[in-house]
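K.L.:
Sequence:
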Amino acid sequence: MSAEDDQEYQLKPKLLAAGANQEMIDLIKCKIEGISFKKRLINLQTDLDMLEKHILQNKDIRLIIIDPVGYFIGDLRDDRNSEVIYFLDILKDFAKNHNLSILLNKHLRKKGTNSSGSTSASSEIGGSAAWVTSPRITWIISNDHDNTSIKIISNPKNNLSNTK
Numbered sequence: 000m001s002a003e004d005d006q007e008y009q010l011k012p013k014l015l016a017a018g019a020n021q022e023m024i025d026l027i028k029c030k031i032e033g034i035s036f037k038k039r040l041i042n043l044q045t046d047l048d049m050l051e052k053h054i055l056q057n058k059d060i061r062l063i064i065i066d067p068v069g070y071f072i073g074d075l076r077d078d079r080n081s082e083v084i085y086f087l088d089i090l091k092d093f094a095k096n097h098n099l100s101i102l103l104n105k106h107l108r109k110k111g112t113n114s115s116g117s118t119s120a121s122s123e124i125g126g127s128a129a130w131v132t133s134p135r136i137t138w139i140i141s142n143d144h145d146n147t148s149i150k151i152i153s154n155p156k157n158n159l160s161n162t163k
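FYI, numbering that gives the first Met the number 0 numbers position 157 of the sequence shown as 156, with every residue one higher than the one before it.
Hints may be right or wrong, so weigh each one.
To be verified - Calculated cross-link-like contacts (lysine to aspartate or glutamate; reagent style EDC-like; alpha-carbon spacing at most 20 angstroms):
#1 38 to 48
#2 52 to 25
#3 91 to 51
#4 156 to 77
#5 95 to 46
#6 11 to 66
#7 95 to 59
#8 105 to 22
#9 95 to 51
#10 105 to 78
Claimed, not checked - Label pairs and their in silico Cβ distance ranges:
#11 152 to 58: 26 to 34 angstroms
#12 4 to 57: 17 to 25 angstroms
#13 150 to 62: 36 to 44 angstroms
#14 94 to 148: 32 to 40 angstroms
#15 149 to 49: 36 to 44 angstroms
#16 9 to 85: 25 to 33 angstroms
#17 148 to 58: 19 to 27 angstroms
#18 148 to 104: 15 to 23 angstroms
#19 4 to 152: 19 to 27 angstroms
#20 16 to 85: 35 to 43 angstroms
#21 12 to 152: 36 to 44 angstroms
#22 52 to 143: 22 to 30 angstroms
#23 47 to 128: 32 to 40 angstroms
#24 11 to 155: 25 to 33 angstroms
FYI, nobody ran anything at the bench for these hints, they're computed from the structure. All C-beta atoms in this analysis are idealised placements derived from N, C-alpha and C, irrespective of residue type, glycine included.
Working from the sequences, and respecting the hints, build out all of it.
P.N.:
Dropping the structure here:
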């Protein structure tokens with residue numbers, strides 16, 4: 000599910016360039032027609048049944064990528080820990096019930112928006128800290144502050160391995 004990238008001109012070419020098997024990719028439309036016949040993005044709080052129907056019709060789906068998740072959360076206040084935890088718990092149960100993984104892309108804060116001056120990678124995630132602390136594993140990919148051509152990959156949360 001993508002709200003920012005065009006399927007034919009951006010997503011598909013990137014997946015093919017990465018060696019993806021086109022037969023194994025199912026790009027679903029993320030816009031649906033509401034009662035007013037205006038198109039809107041899928042809301043994972045209210046439209047999960049539509050996604051479930053698609054999964055039941057395509058039983059080989061094992062991974063759902065949501066990029067970026069903020070477009071698909073409806074009226075959830077993503078800076079509220081309790082709301083984010085509840086939302087992520089619903090997605091966790093959904094994934095477990097359908098034996099699949101869900102990968103969420105959440106953007107970092109825009110430069111200069113963290114007024115606390117913190118250097119913690121986790122604090123650079125926009126919204127609630129629960130976006131980092133609630134999932135089983137979290138990866139943060141960002142530019143090096145001194146050299147933007149260098150990418151830094153950090154793993155602030157990992158409950159899937161026994162490495163310390």
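K.L.:
With a cut-off of 20 angstroms on the C-alpha distance, tell me whether residue 11 and residue 66 pass.
P.N.:
Holds - the C-alpha atoms of residue 66 and residue 11 are around 14 angstroms apart, at most 20 angstroms.
K.L.:
Verify the proposed pairing of residue 105 with residue 78, using a straight-line Cα cut of 20 angstroms.
P.N.:
Within the cut-off at roughly 13 angstroms; holds.
K.L.:
Using the C-beta atoms of residue 148 and residue 104, is the stated range 15 to 23 angstroms upheld?
P.N.:
holds (21 angstroms)
K.L.:
So if I understand the rule, the pair passes when the alpha-carbon distance is 20 angstroms or less; does residue 156 with residue 77 pass?
P.N.:
holds (19 angstroms)
K.L.:
When you check the alpha-carbon spacing of residue 52 and residue 25, does it fall within 20 angstroms?
P.N.:
OK: residue 52 and residue 25 at ~14 angstroms, within 20 angstroms.
K.L.:
Taking only the CA atoms, is the gap from residue 91 to residue 51 under or equal to 20 angstroms?
P.N.:
Given pair residue 91, residue 51 holds - Cα atoms ~13 angstroms apart, limit 20 angstroms.
K.L.:
Is the distance from the Cβ of residue 4 to the Cβ of residue 57 consistent with 17 to 25 angstroms?
P.N.:
With a Cβ separation near 21 angstroms, residue 4 and residue 57 satisfy 17 to 25 angstroms, so the hint holds.
K.L.:
For the pair we were handed, residue 95 and residue 46, check the Cα-Cα distance against 20 angstroms.
P.N.:
Status holds; Cα separation ~18 angstroms.
K.L.:
Does the Cβ distance between residue 16 and residue 85 fall inside 35 to 43 angstroms?
P.N.:
About 37 angstroms separates the Cβ atoms of residue 16 and residue 85, which means 35 to 43 angstroms holds.
K.L.:
Okay, residue 149 versus residue 49 on CB: inside 36 to 44 angstroms?
P.N.:
Holds, since residue 149 and residue 49 (Cβ atoms, about 41 angstroms apart) stay within the stated range.
K.L.:
State, for the Cβ atoms of residue 94 and residue 148, whether the hinted interval 32 to 40 angstroms holds or is violated.
P.N.:
Once the Cβ atoms are compared, 35 angstroms apart, the range 32 to 40 angstroms for residue 148 and residue 94 holds.
K.L.:
Quick check: does the Cβ-Cβ distance between residue 9 and residue 85 fall within 25 to 33 angstroms?
P.N.:
holds (32 angstroms)
Going down the numbered hints, you'll see the structure goes against 8, 13, 17, 21, 22, 23, while the others check out.
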